[in-house]
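Visitor: Protein chains in written order, with my numbering: chain A, 1 to 392; chain B, 393 to 784.
Since the hints were made in silico from the structure, they are not lab data.
Certain hints may be false.
[As the list claims (entries may be wrong)] Computed cross-link-like contacts, BS3-like style, restricted to lysine-lysine with a CA-CA straight-line distance of at most 30 Å: (1) B/LYS394 - B/LYS437; (2) A/LYS326 - B/LYS437; (3) B/LYS394 - A/LYS99.
[Said to hold, decoys possible] To spell it out: a stretch of chain A is covered by chain B in this simulated footprint if at least three of its residues, at any positions, have a beta carbon under 8 Å from a beta carbon of chain B; those stretches are: (4) 119–127; (5) 192–202; (6) 227–233; (7) 275–288; (8) 304–317; (9) 337–346.
[Unchecked claim] Partner residues aside, some chain A positions facing chain B, computed with beta carbon under 8 Å: (10) TYR14; (11) ASP16; (12) VAL258; (13) GLY259; (14) PRO261; (15) ALA268.
We put the beta carbon where it would ideally sit given N, CA and C, even for glycine.
Number of protein chains: 2
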Amino acid sequence: MKKHQFDIPQGMIYLDGNSLGPLPSAATQRVAQTMQDEWGELLIKGWNQAGWMQQPAKIGDRIGRIIGASPGSTMTGDTLCIKVYQALAAGLNMCPDRKVVLSDSGNFPTDLYMAQGLLKTMGQGHELRIVDPENVSDAITDEIAVLLLTHVDYRTGRMHDMDALTQKAQAAGAIVIWDLAHSTGAVPLDMTASNAEFAVGCTYKYLNGGPGAPAFIYVRPDIAPGVEPALSGWLGHLQPFEFDLEYHPGAGIDRMRVGTPSILQLAALEASLDIWEDVDMDEIRARSVELCDLFIDEVEARCPQLTLASPRDAAQRGSQVSFRFKDGYAAMQALIAQNVIGDFRAPDIMRFSFTPLYIDQQDVLEAAKILQNIMQTDAWDTPQFKARAAVT
Amino acid sequence: MKKHQFDIPQGMIYLDGNSLGPLPSAATQRVAQTMQDEWGELLIKGWNQAGWMQQPAKIGDRIGRIIGASPGSTMTGDTLCIKVYQALAAGLNMCPDRKVVLSDSGNFPTDLYMAQGLLKTMGQGHELRIVDPENVSDAITDEIAVLLLTHVDYRTGRMHDMDALTQKAQAAGAIVIWDLAHSTGAVPLDMTASNAEFAVGCTYKYLNGGPGAPAFIYVRPDIAPGVEPALSGWLGHLQPFEFDLEYHPGAGIDRMRVGTPSILQLAALEASLDIWEDVDMDEIRARSVELCDLFIDEVEARCPQLTLASPRDAAQRGSQVSFRFKDGYAAMQALIAQNVIGDFRAPDIMRFSFTPLYIDQQDVLEAAKILQNIMQTDAWDTPQFKARAAVT
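If we strip away everything but chain A, and leave its shape as in the complex, we get (with noise of 0.2 Å):
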């Protein structure tokens, strides 16, 4: 438990940390020192002196840590689509013969957005085969280019079986991709192990690193030297200051920058990891499992109206506990009117992510009290809790 390294308003129970972590109490002066002795002291000589031009690499290695993979394996920049597209364009340049991406319905939309413009980019007639969670599995054949998946899905929870389904893509043939957005920090990874090609992820979720944190990208380190950049960016060429007007891949994970890195930004990550540091993925899932199983304990014993919509097998699920519910938009922003945080997504998921960082059982308890109390009394049902931003 490590709350006292977070600025969380007091009273609120903040179970919204699978969509923006809160604001590590060391980030803002960190980012302070980073604008005022760096970028306002050193200007320009900031990319040398104060390390800026490797805090990419740097940062990608401490993350890396974190989802199982080897230093040297890991890159931070630019956004998660981004990152998707890099990974796919580079997936699909593997298997030349092949035409097929397999995602599944589960995934978050942007990754099937993304793959959906870069095959029309591609225009050589690829297709984007999205099945039902549960089938996927069945769905691996001799066709598939690629299998993009999210491991963890976004509104339930639901884990996939990363070795199994790594192991079955490849005995097929084709390309791993993970998005481990909602798997980060939330629960143990082992990408080495796992002997995928590709995973991606962002950072402002359960590793706290604030509203437009950079993505990661990780790539197997065996192929990474053969892999081709479709976004060919100047930071990731192997002599970016050389000024060629030809692009020659940087070494390794290298090739996977693009653009100038923000700098501003890393500075925030880089704070929220050092609470990292020396935090044991077993032990973090341990707690997360006890969290997630409590809140459902109490949920259905205390509210009959909400249906379980995640996994209750705690192994086939991430850290997060979502209940479906008809009103479930309304009821969800009676809660956050009551300080409990949590989200909602359509059409009817209610949504809650549990943090041993910074949420413990109490937390829990006191939220499905503010719940039941909720759901007995209709509080949800009035016309402002219901009426829908345009933005949620």
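Use these hints to put chain B onto chain A, whose structure you have.
Guide: Chain B only, in chain A's frame:
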């Protein structure tokens, strides 16, 4: 002159604002507020209640004013590399029957790299044709699908005739993309009058947005609704929070959004744009020409060892002056050691930018005197200054 609105180290003459602008005095506090009052207090609610979701468009419009674009035609986000890719992919999509992208050897290499990556990904036999800057006009033929140029050359400051080249290319049936990296905030621009289809640029140079500040893209309003986004990310979706499995592009310029905006970088950029709010670009241009002309006169009179690399005619020049010198790297290091900050670009270019917001005639005279002293005494000729760092 707004030097008092920047934190520039005492005694430093900063002539590298075309690489990274200095820290606006208000920026650190602005970012700290965004972190503490918005991220810290509002957490996930910041997307609505602090207006984070609208920041990329709102700040885009403020940049739009500086580049002569109408409201609703400029969007911030990502890096310049990504914006080049978006614009070029969209442009090629508008000219399916033509297979040549025309650019020049004075373009910043990353624009060429991104084009190389895109053309390879498309795999449809496109050619990237690179001619010398002075031959661009003659190379415009009815083979050209897209003309992709940087307006002001990053090494020499040579400025293309935007209107003439745009007209000629469009008359030949081509789409035109201008990279405004070295023009935005440096020279008056009127993107509407230019009639170019696309423009892209960055905000960490003359706009002083800070290291990693987001890039921007302009799309001519009449074509925006038909533009096909290659990087079809969820925040460019018509209804991102409906979580459709199918991508439907947002209205107009909104479709150029990709992933989660970098809110901390945008906060710093916002503080820097406050300084620009009442700046008249014609006034900036008049002062810039005075400063550049003065520097050329002084250096030519004082330093016969250096050869002017920039156009002598101010009308053909951006807001920088470059000189060639065989040992330019070492000479620039010697100059930096005396707190006059310019930079070096291979093979022999010493580059100085003149930014009237915080540089005046006295700075120019002082810089020229220090440079004269270094050249007269061969102060650059030491192993320390000649040892070129791996990253510069």
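Visitor: Now tell me if each hint is right for this structure.
Guide: Evaluated hints:
The hinted pair formed by B/LYS394 and B/LYS437 fails the criterion: a straight-line CA distance of about 36 Å is larger than 30 Å. Between A/LYS326 and B/LYS437, the direct Cα distance comes to roughly 23 Å. Compliance with the 30 Å bound is thereby established for this hinted pair. With a C-alpha separation of about 57 Å, the suggested pair B/LYS394 and A/LYS99 falls outside the 30 Å cut-off, and the hint is violated. Note: the stretch 119–127 of chain A has 5 residues with beta-carbon separation from chain B under 8 Å; the three-residue rule is met and the coverage holds.
Counting residues of the stretch 192–202 of chain A whose beta carbon lies closer than 8 Å to any beta carbon of chain B gives 1, which falls below the threshold of three, so the coverage claim is violated. Given a C-beta distance limit of less than 8 Å, the hint that chain B covers the stretch 227–233 of chain A holds, as 6 residues qualify and 3 suffice. A stretch counts as covered by a chain when three or more of its residues have a beta carbon under 8 Å from one of that chain; for the stretch 275–288 of chain A and chain B the count is 0, and the coverage is violated. Only when three residues or more bring their CB closer than 8 Å to a CB of chain B does the claim for the stretch 304–317 of chain A stand; here the count is 0, and the claim is violated.
For the stretch 337–346 of chain A, the assignment as covered by chain B holds, since 4 residues bring a beta-carbon within under 8 Å of that chain's beta-carbons and 3 suffice. A hinted interface residue such as A/TYR14 counts as satisfied when its beta carbon comes closer than 8 Å to some beta carbon of chain B; here the least separation is about 6 Å, so the hint holds. Taking 8 Å as the C-beta cut-off, the interface hint given for A/ASP16 holds, the closest approach to chain B being about 5 Å. Proximity of A/VAL258 to chain B holds as hinted, the smallest CB-CB distance being about 5 Å (cut-off 8 Å).
Restraint check, A/GLY259 versus chain B: the minimum CB separation of about 3 Å is within 8 Å; hint holds. Interface restraint check for A/PRO261: the shortest CB-CB distance to chain B comes to about 5 Å, inside 8 Å, so the restraint holds. A distance limit of 8 Å between C-beta atoms decides the matter here; for A/ALA268 the minimum to chain B is near 6 Å, and the interface restraint holds.
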